[in-house]
Amino acid sequence: MPELLERHDTARLEALLEGDERLARVELRRQIARLELELGEFFESSFPGRGISFSVPATGGPRLLGIAELERIRDTLAERIADVRGLLEDRGYVETRNRELIERMIAEPERFKWVRVSNEDIGERGCRHWHSRPRYGIVGMLMGWWRVKVSSGCPL
Amino acid sequence: MNDAADPGWVAPAVRSEFPGLGLASLEVEGPSGRSPGPVQDRLRELSNRFHGGHAIHLRQRPIPWAYRVFFRQIGLDPDRDRTPVEQLAYDRIKSGGFKSRNHLDDALTIAIVETGVAIRAFDAEKLEGLLGIRDSGPGESLEGRPGELPQGTLVIADERRPVGMLFGATAEGRGVHPATTRIILAATRVKGVPEIAVEEALWMAAAVMGVGRPVRG
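Chains as they are written, first to last, in our numbering: chain E, 140 to 295; chain G, 618 to 834.
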């Protein structure tokens, strides 16, 4: 009888553990779904996102994944999001500084001789660029007549 | 064409892990030859409507996002093994349009791009019983593929054997070929994909398959 009770308790314990593990897998899948959405938002907002990797390698499937594998995917997604967020923050800082540079170039073009800032440098699409150059070529260069020329449109 | 889509089945062990998972199927007539003019026109019109912007926003749309999430949850990388709608978006951008291949593929392309739902096709005469989703058992393999499937691989199966990997290769001899006379369209539903979208996708593909065929009274 004690043996039977012991066996019964073990089976119950296993069932409880299995139930807990299933709940853990459900929770991990929920977290993966949320992180995938967040990564997708970054992908869209940063497009074309040159130099940014959005890759999250898979564990191999299609199959039912265990807790450890789901945790690995969740953690890799979270790490990737942290990397992308860091890169975008750095890039945002540089772009803001470049916008300020354009303002200063326009205000004092002679202080920024030959400096060129493109749309890409301020995080925008298109081929426009701001270029500090002398008016009337070499004459303007000798006379110190500098201006910022805004070029728009991509070459055909 | 049948009057209603078959609901399919999901093995209990798989259903308990993925409550939203399902497979619906619909039988249509084959064979699948060259697409008739109106279908090719529709594909061109779809190409004109679907731009790079759509492709970028895809993963933020609920249905394509739901498939991406499911791919991650079953160990697939959706950036390498693309979801059906993302694969078509990728091909569209790469080739400059949705290229017409044959009547069946064009019907699937139209339905997948319009709804985002994953649909594929099998030769109805090579299937035994209803299609469903289950995990593979020990020693099972996919016909035409060397070696055994790792146990627990998620497969689409008829009542006898696996006929394809879930979102993967189709078993040899179970796919549609030029002489196929009856085709099963099978749509895989995952959590987050409304049932009505699955129905719409199946009926849209079936309707496109019906274009250019004589109507039987």
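It is possible that part of the hints are untrue.
Simulated restraints, written as ranges between beta carbons of each label pair [what the hints assert, rightly or not]:
| hint | chain 1 | residue 1 | chain 2 | residue 2 | range |
| --- | --- | --- | --- | --- | --- |
| 1 | G | R661 | E | E239 | 42 to 50 Å |
| 2 | G | W820 | E | E177 | 55 to 63 Å |
| 3 | E | L281 | G | H671 | 33 to 41 Å |
| 4 | G | R661 | E | A207 | 47 to 55 Å |
| 5 | G | P679 | E | E228 | 25 to 33 Å |
| 6 | E | P196 | G | R777 | 44 to 52 Å |
| 7 | E | E177 | G | P624 | 30 to 38 Å |
| 8 | G | I673 | E | P196 | 16 to 24 Å |
| 9 | E | R224 | G | P679 | 32 to 40 Å |
| 10 | G | G669 | E | W284 | 37 to 45 Å |
| 11 | E | I277 | G | I673 | 19 to 27 Å |
| 12 | G | S712 | E | A217 | 49 to 57 Å |
Since the hints were made in silico from the structure, they are not lab data. Each residue gets a CB set at the ideal place from its N, CA and C atoms; glycine is no exception.
Quiz prompt | Beta-carbon spacing of E/R224 to G/P679 - inside the hinted bounds 32 to 40 Å or not | solution = Violated - the Cβ-Cβ distance for E/R224 and G/P679, about 24 Å, lies outside 32 to 40 Å.
Quiz item: Could one say that the CB atoms of E/I277 and G/I673 fall in the range 19 to 27 Å?
Solution: This hint is violated: roughly 46 Å between Cβ atoms.
Quiz item: Should the hint that G/I673 and E/P196 are 16 to 24 Å apart at their CB atoms be regarded as holding?
Solution: holds (22 Å)
Quiz item: Does the Cβ distance between G/R661 and E/E239 fall inside 42 to 50 Å?
Solution: Hint holds: Cβ distance 48 Å, inside 42 to 50 Å.
Quiz item: Does the Cβ pair G/P679, E/E228 satisfy 25 to 33 Å?
Solution: With Cβ atoms ~28 Å apart, the hint holds.
Practice problem: May I ask you to test the hint 33 to 41 Å on the CB atoms belonging to E/L281 and G/H671? | Solution: violated (54 Å)
Practice problem: Check the following: the C-beta atoms of G/R661 and E/A207 are separated by a distance inside 47 to 55 Å. | Solution: This hint holds: roughly 49 Å between Cβ atoms.
Quiz item: Should the hint that E/E177 and G/P624 are 30 to 38 Å apart at their CB atoms be regarded as holding?
Solution: Holds: the Cβ-Cβ distance is about 34 Å, inside 30 to 38 Å.
Self-check item: G/S712 versus E/A217 beta-carbon gap, inside 49 to 57 Å or not
Solution: With a Cβ separation near 36 Å, G/S712 and E/A217 fall outside 49 to 57 Å, so the hint is violated.
Self-check item: 37 to 45 Å as the expected CB spacing between E/W284 and G/G669, which holds or is violated
Solution: holds (43 Å)
Exercise. Confirm or reject the claim that E/P196 and G/R777 have a C-beta distance inside 44 to 52 Å.
Key: Since E/P196 and G/R777 have Cβ atoms about 35 Å apart, the given range 44 to 52 Å is violated.
Self-check item: Assessment of proposed distance window 55 to 63 Å (beta carbons of G/W820, E/E177)
Solution: violated (34 Å)
The structure is inconsistent with the numbered hints 2, 3, 6, 9, 11, 12, although it conforms to all the rest.
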